[in-house]
Amino acid sequence: MAVGSEIVTKIKSVKSTRKVTTALEMVSASKIKKAQDQMQASRPYARKVRQIIGHLAEATPEYKHPFLHESNADRVGYIVISTDRGLCGGLNSGLFKKCVGHMQEWQDKGSAVDVVTIGNKAASFFKNVDVNLKANISSLGDNPELIKLIGVVKVMLDAFEAGELSHLYLVYNDFINTMTQKPLVDQLLPLPADDSVVARKDNWDYLYEPSAKDVLDHLITRYIESLVFQGVLENLASEHAARMVAMKSASDNASDLIKDLQLVYNKARQAAITQEISEIVGGAAAV
Amino acid sequence: MSNIQCDIVSAESAIFKGEANMVVASGIEGELGITAQHTPLITQLKPGEIRVIQADGTEEHFYVSGGILEVQPSLVSVLADTAVRADDIDEAAAIKAKEEAERLLKDNNKKQDLAMVQADLAKALAQISAVAKLKKNLKR
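Protein chains in written order, with the numbering used here: chain A, 1 to 287; chain B, 1 to 140.
It should be emphasised that the hints constitute simulated quantities derived from the structure, not laboratory data. Just to be clear, a hint being listed does not mean it is correct.
Stated by the list, open to error - Subject to a maximum C-alpha distance of 20 Å in a straight line, what follows is the list of computed EDC-like cross-link-like pairs (lysine to aspartate or glutamate): (1) B/98 - A/145; (2) A/148 - B/81; (3) A/267 - A/256; (4) A/109 - B/60; (5) B/96 - A/158; (6) B/46 - B/60; (7) B/111 - A/130; (8) B/46 - A/214.
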């Protein structure tokens with residue numbers, strides 16, 4: 001019986017779509033855990049560097065690193081971290097909206113905006129926007145490595161050091177939990193004053209090799225890199241979480257659709273049978 | 001002799017944490033052997049080996065490609081770099097990242113201004129939330 005064969009085909013195709021979305025959902029669910037572990041693993045480093053910088057800044061008050069204070073340049077810099085792939089709901093759009101709003105404020109004040117992007121989505125978004133795209137790195141994958149970020153970070157750090165930028169911001173999605181990710185615009189430079197470093201009473205100081213200045217220079221660069229790296233990891237965890245939720249709702253939608261289609265199909269089939277019977281009965285009566 | 005706490009961390013992971021009798025590292029100005037009650041010290045590290053002689057006499061070896069060593073009387077921390085770093089290598093990475101951006105920019109000259117993009121984004125996000133709401137209502 002050929003009743004509703006289009007509906008049957010449609011049901012089949014929705015079913016196979018659902019298979020794909022369910023698979024994507026499960027893949028993301030398993031990757032979230034890993035991304036979270038990576039986030040945890042990279043925290044001690046940043047904490048440690050932060051402590052030492054706090055100490056150094058206190059111990060050598062006469063040396064002011066250029067990263068510690070604001071210049072009066074008329075440009076601001078942004079490092080924008082996005083995902084490489086889509087299918088993660090409004091994650092990137094939400095981030096870009098927040099970021100563009102922030103940039104707009106600076107532009108209204110007459111500052112030009114420089115952007116470096118990490119991730120395909122940010123790159124393809126900002127190349128069409130009226131900002132100065134300076135550098136890009138994409139395809140970091142599920143195991144991002146710090147070494148791949150060095151280039152983009154250096155572009156911005158050099159610009160800041162040369163006094164071309166007044167501020168540098170890091171834009172990424174903060175992973176709060178699986179259901180919630182928050183787009184954030186964090187100030188990287190000048191390094192915001194840290195309240196957690198309590199002024200020490202005792203007067204001991206480190207021995208420095210080769211010198212306090214060299215060590216501080218080295219550390220601050222590493223610190224910024226580790227913050228950006230941390231941002232990449234947060235964003236990765238957010239990506240997987242957002243994708244999992246988006247795919248779950250897609251799977252649910254597919255299930256609803258299948259249910260509706262099945263109902264339509266059953267009705268059509270029933271109608272066809274009823275019609276056939278009434279035709280037979282009608283025919284028999286006519287004989 | 002008392003022991004010293006030793007932490008080795010890199011930006012990507014925590015590498016080692018434990019008690020040590022002595023920690024041997026190659027600082028930028030020479031080899032260092034650190035035991036408990038060492039005076040506070042910070043030094044840059046050369047690429048090389050870090051040996052941790054543990055309390056029970058066993059030795060652990062780690063290779064670091066540079067970094068910072070911080071010493072306090074009861075604690076040694078190593079902030080290891082994850083890869084060999086040199087100014088020219090960093091510079092090359094920066095240039096590559098810049099070229100990547102230039103390549104992206106090559107084939108389009110039209111640029112939308114921020115306000116317009118912001119409006120577009122707001123619209124897209126509103127659509128997403130409208131669809132979600134619609135779906136909720138349908139279910140009821």
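Checked hints:
1. At roughly 19 Å between alpha-carbon atoms, residue 98 of chain B and residue 145 of chain A fall within 20 Å of each other, so this suggested pair holds.
2. The suggested pairing of residue 148 of chain A with residue 81 of chain B holds, with an alpha-carbon distance near 13 Å, which does not exceed 20 Å.
3. Among the hinted pairs, residue 267 of chain A with residue 256 of chain A is consistent with the structure: their alpha-carbon atoms are about 17 Å apart, no more than 20 Å.
4. A distance of roughly 56 Å separates the Cα atoms of residue 109 of chain A and residue 60 of chain B; the hinted pair therefore is violated under the 20 Å criterion.
5. Between the alpha carbons of residue 96 of chain B and residue 158 of chain A the distance comes to roughly 15 Å, so the proposed pair stays at or under 20 Å and holds.
6. A distance of roughly 18 Å separates the Cα atoms of residue 46 of chain B and residue 60 of chain B; the hinted pair therefore holds under the 20 Å criterion.
7. Taken as a hint, the residue 111 of chain B and residue 130 of chain A pair is honoured in the structure, with Cα atoms around 5 Å apart against an allowance of 20 Å.
8. For the given pair, residue 46 of chain B sits about 14 Å from residue 214 of chain A by alpha-carbon distance, which is consistent with the 20 Å threshold.
Comparing the model with each numbered hint stated earlier shows that hint 4 is the single one that does not hold.
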